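Novice: With the hints as extra help, turn the sequences into a complete structure.
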Amino acid sequence: MIYSTDIEEHQALKKGRQVHRLLEHLPGQPDPEGVATRLLAHGPDRAEAGDLAEIFNQAMRVVTVHADVFAEGTLAEVDVSAYLPDLGRAMSGTIDRLVITPETVQVIDFKTNALVPDRPEDTPEGLLQQMGAYLVAIESIYPDREVEVSILWTEACTRMVLPHAIVRAALQNSTIS
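When you read off a place in the sequence shown, starting at 1, and then add 45, the result is the number in our numbering.
Treat the hints as calculated values from the structure; they're not laboratory data.
Straight-line alpha carbon distances no greater than 25 Å define the calculated DMTMM-like cross-link-like pairs of lysine to aspartate or glutamate that follow:
(1) Lys156 / Glu53
(2) Lys59 / Glu69
(3) Lys60 / Asp154
(4) Lys59 / Asp90
(5) Lys60 / Asp167
(6) Lys60 / Asp96
(7) Lys156 / Glu54
(8) Lys59 / Asp154
(9) Lys59 / Asp124
Every value quoted in this text rests on a predicted model; they were computed, and no experiment measured them.
Specialist: So this is what it looks like as structure tokens:
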């Protein structure tokens with residue numbers, strides 16, 4: 046038996062994948078609406094005709110409001126692997142967006158959660174652990190640069206910078222291998 050909460054969760058995850066896909070491919074496109082239509086026309090994450098406009102508008106709002114994150118030269122969907130010495134294990138993941146300058150590296154992860162925490166301290170522990178792992182990994186790759194980790198909450202179109210102390214503490218509490 047399929048429960049309505051299972052359907053709602055499936056729909057939320059699907060929308061999250063759709064928005065992520067658009068945020069990866071739309072920036073800098075001369076015809077973003079046409080690109081969105083083509084990207085979401087087929088496959089398991091295809092958008093229903095009535096949903097396409099909402100998903101496209103959400104993605105374009107994020108790209109417009111946070112133009113610096115999507116500027117030319119920023120990197121999308123960056124695979125990263127690193128050994129986390131404090132935990133005695135390796136990690137691998139995909140960073141949604143990296144903004145690299147000679148002085149700084151900004152690590153931005155997109156989250157499509159409908160409920161957005163008011164403060165970094167209220168961010169779900171698993172997300173803080175993920176961002177802590179990204180922080181440690183990027184610091185090891187760019188030891189000469191200041192690293193900033195943040196979550197871009199797509200539903201609210203807000204970006205939350207996460208203090209290093211919070212994400213490091215969450216990573217230390219991690220039991221995920």
